[in-house]
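Protein chains: 2
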Amino acid sequence: MTFDVTVYITWKEGVLDPQGAAVTESLHKLGYDGVEGVSISKMMKVRLQAEKDNVEQQVVEMCEKLLANPVIEDYTYEIEEVIPS
Amino acid sequence: MTFDVTVYITWKEGVLDPQGAAVTESLHKLGYDGVEGVSISKMMKVRLQAEKDNVEQQVVEMCEKLLANPVIEDYTYEIEEVIPS
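Those sequence lines, one after another, are chains A and B.
As numbered in the numbering used here, residues 923 to 1007 make up the first sequence, in order.
As numbered in the numbering used here, residues 923 to 1007 make up the second sequence, in order.
Simulated from the structure, these hints should not be mistaken for lab results.
Nothing here was measured: the structure is a model prediction, and the numbers come from that model.
Hints may be right or wrong, so weigh each one.
List time: in silico DSSO-like cross-link candidates among lysine-lysine, alpha-carbon distance up to 30 Å [to be verified]:
no.: 1; chain 1: B; residue 1: K951; chain 2: A; residue 2: K964
no.: 2; chain 1: B; residue 1: K974; chain 2: B; residue 2: K964
no.: 3; chain 1: B; residue 1: K934; chain 2: B; residue 2: K967
no.: 4; chain 1: A; residue 1: K964; chain 2: B; residue 2: K974
no.: 5; chain 1: B; residue 1: K951; chain 2: A; residue 2: K951
no.: 6; chain 1: A; residue 1: K964; chain 2: A; residue 2: K934
Start from the sequences and build out the full structure, keeping to the hints where you can.
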């Protein structure tokens, strides 16, 4: 079975996000003074062939081993089965 | 008024995503042979002070001017009002 998995990788609370700080500053320079802050995170779309009773375990493993850095990042995911058309 | 804006920056159809290709390869090396492809995009959370009738226009401008590269990237956004507690 085929699945579309969306993984969201966000900074843990309190971790500095230098890219977000830079974008905030750039937006202020462009005149967008109403911007209070920007946080930039990653979104990964993974197309995966797996068995239904195994897919979530694989996704968690992939996040823990490679996709996220669990020291500084949190992850959440959505798993959606791809229905063949 | 305060708004939480989420901007999703994705690659346009057909644009090469080298980071996604590298992650796909790494997942294969780790034994996840079921992975058919990975696409990596950005998600930005912007906290914004703005007037209600003006916020969407500001968001579109910020995307066009800075947050996205309209040559190779598409963007979508969600605007949510922050209710003071």
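Going through the earlier hints one by one, which of them does the structure break, listed in rising order? When the structure is compared with the hints, only number 5 turns out to be violated.
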